[in-house]
Structure formats: C-alpha cells, structure tokens
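Sequence lines, in order, name chains S and F. In terms of our numbering, the first sequence has 416 at position 416, counting the first letter as 1, and numbering is strictly consecutive. In terms of our numbering, the second sequence has 109 at position 109, counting the first letter as 1, and numbering is strictly consecutive.
Don't read these hints as lab results, they were simulated from the structure. Be a bit skeptical, because a hint or two may be false.
Covered stretches of chain F (in silico footprint by chain S; criterion: 3 or more residues with CB under 8 Å from a CB of chain S, positions within the stretch not fixed) [what the hints assert, rightly or not]: (1) 26 to 35; (2) 42 to 56; (3) 59 to 72.
Cβ atoms here follow ideal geometry from the backbone N, Cα and C, with glycine treated the same way.
The primary structure of each chain is shown beneath.
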Amino acid sequence: MDKEILVALAGQPNVGKTTVFNLLTGLNQHVGNWPGKTIEKKAGTLRHNGTVYRIVDLPGTYSLTANSPEEIIARDFIIKERPDVVVAIIGAATLERNLYLVAELLPLPAPVVIGVNMIDVAKREQIHIETDVLEAAIGVPVVPMVATKNQGVRELVEAVDALATGRRDYAPRIPQIREDHRDVLEALEALIRESVPEPYPSHWTALKLLEGDREMTALVRGRLPDDAWEQVHELLKAHEDAIIDIAGGRYEWIGRMTRAALARPHTGPVTLTERLDRVATHPLWGLGVLALALLLIFWLTYTIGTPLQDAIEEHLVAPLGDRLAELLAGQPPWLSGLVVDGILTGAGTVLTFFPILVIFFASMGLLEDLGYMSRAAYVMDRFMHAMGLHGRSFLPLFLGFGCNVPAVIGTRIIDSRRPRLLTILLAPLIPCTARLVVIAFLAPIFFGDRATLVAGGLVLLNLVVFAALGVAVNHLVFRGESVAFIMELPLYHVPNVRTIALGVWQRTAEFFRKAGTIILIVSVVLWALSSFPGETVEESVLAQFGRWLDPVGQLMGLGWRAVLAMLTSFLAKENTIASLAVLYGAGQSDLAGALSAAITPAAALSFLVAQMLFVPCAATVAVIWQETRSWSWTGFSVGLLLVISISAGTLVYQTARLIGWGV
Amino acid sequence: MENNRQDENLGSQVPPQDKADQSVPLSTLPPHWLGTVHSLMGGRELVSRLAALGFIPGCPIEVIQNYGVGPLIVAIRDTRIALGRQEAEKVQVCPLNGGERPHHRRHGPHRWGHR
C-alpha cells in the first residue's frame, strides 16, 4: 500500500502560496468550505515515488493569534489534525515579515519546512538570500523556489518526505519569550497546565493568553476553577502590554536568524512598484486607472460575452428544445413541457451564465494576481467607508452592473466577514444588464419621449436605496463599528496564467455544481406552478397565487397579471417581458398597445420601480446561499428586498394618486 | 543593515522619556517622513494585528502617501501597507534625525537601511 503523508501549506498573503499549491496538486484538488465557515478550503493530492501526499491549503494569515476566523482555522488544523509536515511559504522580498508566521508555527506540534518563494523578484530588488545559511540558523529545511517557473518544487517535496519519514533530523531553534516576561509565562503555565484541554499544548496556550487571544482565554476560563482564574486574570491584567513584547521578541528572533543569510543593497533602486504606485494609488489618477480597468472588463463582456450568450441560446438551447419537442411529440404534453420548458429552460439559464462568469473571474483573477486589486481597494476605500464597506467591496459591486452573480461570488476578495456580508446584501441593488434590458424595453412603451429620463431616474433610485441601505445596516445591525483598514500593498508582478486559469475553472465549476442545481430546481418548480392545473397560465397555481396577492398589487396600482409577471422574473429578470406578453395575450410586437391600454402611467411607474428593486433572480439567490452558507442570511436578504420593492412601488403609486398624476 | 539598528533600539523597552515626548500620531505626518514606531494605542485586536505586521517600538517607518484625508500608505519592513486614518491615529512615531529625509530624492521614496 502507498504511504500517506499529510501536509499543511501555510503562509502569509501575497507569497505565491496558491501557485505552489497548484503546482503540487495540479487538477487533483477539491475546493470546499471549512466546516461551518464561509472560508474556502482547498485540498489536493500529489503522488510521487509511491507516496501519496495529501495537501491542505491553510488560509493565508499574518499571524496565528485569534484576530480572524482564518487564523483560528489555520492553527486549529495544525494542532488538531497534526499534519506530518507544515510547509511554510515565505516571499524572498519580504523575508523578515513573512518569517513572523514561521516564528508562530515553530512552537506548534508539527515539523516545519520553509519554502522561500519568488527568489527572482528579490533578486530584481537586489536582495540576496543564502538559504543554506538560513537553514543552519533556524534548524529547519529551507528550500529556495520560483514557483511561477516551476523551480524548487521537487526539492520542496523531497524535503517534506525526508522530514516525514525521519530520514532527516529536526532541531528547530524556537523563538523564546523575552527575559522580562519569562517568569510570568511560567507562572501562567503552572496555573493552567491541568485545565488546558487536549490537544492544545499548555506552554503555547499560556503564551496565547499572554497575547490576549480571545478564543484561548475563553476556552481556559471555562475550565478553570474560579480561584485559579482569579489568579490568571490578575497576572494577565498586570501584563496587558505583553503582546507588543512578545511580537517584538519574535522580530528579534527573526533578526538573529536572518543576520548572516540576508544581504540587501544600501540604497535601493526606484522599483517598478514605486513608479506604478505613484499613479495607481494617486487619489485622482488612481481613479482613472480603475475606471480604465473597469471599462476594459465591460468592453470584453459586451464584445465577447454577450454575443457568446446569444450564440449559446440560439445555436444550442433553442435547437435542442425543438429537437426534444419533436422527439416527445407522441408523449403526454406534460412530459414535453417538463423537459423543454422546465429542465431545458433551467439548464439554458445556467449555461448562458458561462461566458460572463469566465470573463469576470478571469479579469478579477488577473487584477488580483498582478497585485492591482489592493490598489483599487485603497483608492476606493474613502468612498466605501461610510457604508461600512471595504475598499475591496467596490470592484465586485461595480461588476454587478454586468451581472449580480459574479458580483456576489467576487466578494471573496474581501477578507473580513462583516463587510463581505454587507456587500453580498447590497449587491442585488446594483441594476444588472438583464434588469436594464427590461427597463429599456418597457420604459418607451409607457413613457414614450420621457423614457430616457425615467430609466435614468430608476437607476439612480437603485443607487440611492443602495447607499441608504448600506448606511442603515451599518448603523443598525453592525452598530457602526468600523472594521480596521490595514492592508498590504504587495509588489506588482507578472500574473501567472496557470493560477488565474485554475481559479476561473474552480469558481465556474462550483457555480455549475451548486448554484446550477438550485436554478434547475427553481426552473422546474416554476414550470410546474405555471402549468398545473389547467390548460393555460391563467388557471395555474401561480396565477391563483398572483390573485391571492391582489391586495398587495392594489397598493401598487397593479393587477394580478403584472404581479404575476414580476414573480416569473425570479427565474431570470428578462422573463418579465415574455410573461407580460403571455398574460396580456399579445405577441411581443403588439405588446406595446396592449400594455399601455391596460396599465396607467402611475401604475406603470410603480411597476418599473418595484421591478428594479425586486428580489434578485434565482441564480443570484443561489450564489448568496453558496457564499454565505446561511439560509437565514439568504432569507433575510430576499425578504428585505421584497419589502423594499413593495414599499417603494406603493409609495410611488399612492403619491401619484394623491397629486392626481397619471391615474 | 536594518536589523542591527532595530535590535539595539528594541534593547531598551520603552524609548527614553525625552524621545517619548516628541512622539506624534502617524496620521499627522507628511509624505517622505522617516521615523521609528514609538508605541501602539487602541484596542487589543488592532495592536495585535499591527504588531504582527511589524509595527514594533523602534522599527523604522516611512510615510509614502498622506493627503490629510482618507487612508495613507506607509513602508515598514520592506512592505507597503495601507492604513485607514483612524488606524494611523493610533500609531505613535518618533522622528529619526529630525524626521524629513536629508537628501530627499525627487522621485519618491526609497528603501530602508542606507543610513
């Protein structure tokens, strides 16, 4: 039987860890979530010389103190799952800061191998690192790497293997706490030793208490007798400042470890990053660069994405539908309806997302890998702050004008939970292309010459509601606590095609697997509701539901047909038009006449307002669930938008009635 | 090399009193300003995050961008870090050799370790 080695891949953000992970595992990787968390978990396997390496990619973190869920995941994995080897990837150009994580990894109960990545980038900055000297100093294997050029990976695997099989000694020089806090640490450890739950090491736990780690403090407190806790508490209170001392001690250790191994120029050259940043982070030019990047993404979407979507619909879904209808001609009508109108429509909807998702994910991956994403976040932060959002919220939200689905998935680049949830909540208020199409079609029918004004006003309304909701939720739900804005601006570097392509593949595949299933189910259910019982839509369950909603419709001045049309937009926003055509018994060509005869201008305006603010489409709801992993948050999001939409429609209609306009 | 100096500074836990008096919030400093971190204020979580990134008393720091409103950019330990204004207000810094870089080059900031 093959021997199996469990490897955890750790590293700070921006060290090329993903590239290393992709090189090691190739396509043998599985993307999921850490249990109970919204954080992505990537695991994969590598077979090499008769050994199976199970590799788990830990979240990128700067330290292992419980400041974020990522940090808790990373340390809990090492402590509880006891990997055979922890591979710490560090960047050569930021060696000292990256070694901080290594200083935190070494006291944990798993041997560490260090991969010094991006040696080429460091060379360009005239930074030279003698990895064998570093290896001798720290006492753990150190492997120089250029992952983007596939250099050093074989040596890394060899080092992991040698350590896991005991062919190599492991004698790390573990950083010690500074003299002034050594006694306190010992006293603390003695107090808690009996109460620290398995498998946490008691020395490490004592250190975390001294660092003010909230999670470990709560854990120990729950298990200590009151009098012992009293003593622990006194000690901790007397040494509240220990955190800086402990961190300082780690940096001193780093200084000693790197002193002989690291050679740097006395005056550095003006680097490419400095030159680019003078433009990219400038308050004015920075906005220009961002606008240019966004323009390019939308240009790609509309010149490649949209035609491709149409082609898929025209050359794949439609002919397939005809063919299936032909084949099922002899069967009962419900079967043909189920297959063509239910299943195929749903599958077609899922499929048409493909081009736009690939373009958006590729663009975002490119900007991230290039190092630009942090700059975009920096220039936008001042504008997003008031709404409790993060600078990083801007890009996914803006992409929402194209489609809300990649906007919601794109929020993954936001690294703290609260702004991310808020961004997901607000994303559906950005009017996507599909909704704009509906407005562009309906506004001229109802408002003729003033259509442009009305359409512009509707978009503006959405943005106003967006901002108001952001401010309100930030104050009411999150109590206005601002999330600390501390963000590394990594060096720019040439993007790695492989990393980007794999990212696009994983996100797209996940959408098809998870959200695709939900969309298919919704499609079949909507078909069933609109087809049974009876011959026509008017007699269906859905129509009965629409009639039952009539009182709500009345508030907005709308009949049950208009309400029903809005309900069917749940599968896809552009369904509104087709539904109106069916329900008002007109072809799309003479729909104009039928509609303007049946709906007054006041009701029409209320309809358009409600339509623009209505619950997001099934695909968006599906990805909201996929990303938040929470039915209650998904439900809250849908419910909130439903209330906003109905209230806004009612307000418009009732105001119009009061002033006697267009009734 | 920067480490040598760092270690010396760190040897004395709290900087001398006369230096402490000169410490100012990072957010008040103009671009190209050089100095060392004096102390961190604010909540435990903020301090912990900043300390992990290398904001340790005695560590050299340079202001790269500061327009007086909105976030600013600093360079510390070979890394550029964007900080919200609120966060930068919590970092106290001391000027190094009077603060302003003596031979301020026309194109922007440069690396640490040359003095």
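Let me make sure I understand: some of the numbered hints might not hold for this structure. Which ones are they, in numerical order?
1
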